[in-house]
Amino acid sequence: MVSHTARLSSSEIGGLWAVFLQEDMGIRLLEYFLHHNQDEEIKSVLEQALTASISRIQQVTDIFKEEGIPLPDRLTDEDVDLSVPPLFYDAFALSFVYSVGRMNMINMGFVTANVARMDVLNFFTTIVKESATLYQDATTLMLKKGIYDRPPMIPYPNKVEYIEKQSYILGLGKKRPLNTAEITEIFFNVERNYFSILICTAFLQIVKDKEIRKYIKEGKKISEKQIQVFNDLFMREELLGVKPTTMAVTDSQAAPFSDKLIVLLFHSLNAIDITFLGHALSLSMRTDLAAHYQKFILEILLYGEKGFNIMVNRGWLQMPPHAPNRRELEGLT
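Numbering of the sequence shown is given in the working numbering, commencing with residue 4 and proceeding in unit increments.
Note that these hints are calculated values from the structure, not bench results. Check each hint, because a few of them may be wrong.
Stated by the list, open to error - Capping the alpha-carbon separation at 30 Å, the derived lysine-lysine pairs in DSSO-like fashion look like this: (1) Lys213 <-> Lys263; (2) Lys263 <-> Lys224; (3) Lys223 <-> Lys148; (4) Lys228 <-> Lys213.
As the list claims (entries may be wrong) - Simulated restraints, written as ranges between beta carbons of each label pair: (5) Glu34 <-> Gln169: 50 to 56 Å; (6) Thr142 <-> Ile172: 29 to 35 Å; (7) Lys68 <-> Glu227: 42 to 48 Å; (8) Ser13 <-> Phe311: 19 to 25 Å; (9) Met156 <-> Asp76: 46 to 52 Å; (10) Tyr171 <-> Met121: 41 to 47 Å; (11) Phe311 <-> Asn117: 19 to 25 Å; (12) Ile172 <-> Leu332: 46 to 52 Å; (13) Arg120 <-> Pro160: 43 to 49 Å; (14) Asn117 <-> Ser170: 34 to 40 Å; (15) Pro327 <-> Tyr171: 47 to 53 Å.
Note that the structure is a prediction, hence the values are computed from the model and not measured. Idealized CB from N, CA, C, for every residue including glycine.
Assemble the whole structure, with the sequences as input and the hints as a guide.
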């Protein structure tokens, strides 16, 4: 590895640290999907994703080792049981790769814009490129298998128009039709929540811990509420609602994942939800939509706190790298 004289910045340390944990979890899930997969076309996409995750773990390991930074603790074989019957059908594994590819293109784009040291910049730029390729391959295969749900179609515009009235942003009374940015955000928020419901459905079949079951049930209700609100908006616009393409959960009640892995996964999904809802809020010009997004962001923040407490109380949540407490070092506290 090439030596660098510039120390890693806080954003570079934080980005690499977060990727390490994300990819470590991804490896465990992808290995599980591959173990049970029966579809050769899906297998190829899963192997592509797994190879990329393993490479990223190694690259972060090399950078942290060179800088003398301790690596986060990793999940172990005890967190995944490959011997039990599959909890998901193959189509779900493909949907998982599609979702991860899409999320990584957006999230890693944010991180890439916050790093500068060339080896780290190249690392994150490569993740964005690989995620785009993975998303393309997964989407192509979903289209081929008939399990990709397209966003609503609208007539092509035939002229350029300008906003002439302040009522364009009003969400009460006679509302204007949704614009394309708003349709897009609503559609993909519904799609993501259907994915969350499938995960909740599966985990409620296998989790025995009462506290964690209650936490998962609440998460499922939040997703169901978002789907209802956004599908109702589509129906009122005569755009039709988004429907799940397939039920991808088996009837297995044997747990392939530890409670720790499950709650950590929910913790990651909550952060992603807030990111995407915030993005949708920034693009939505109708006040009723903004109100919905603000309400859901607050709801997920409060929900995420419950998951945070579960992880902290059980010693599952690692502390991110942080600045020193100067007042403590100076003996002022």
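> Which hints, by number, does the structure contradict?
Replying inline: No hint contradicted; all consistent.
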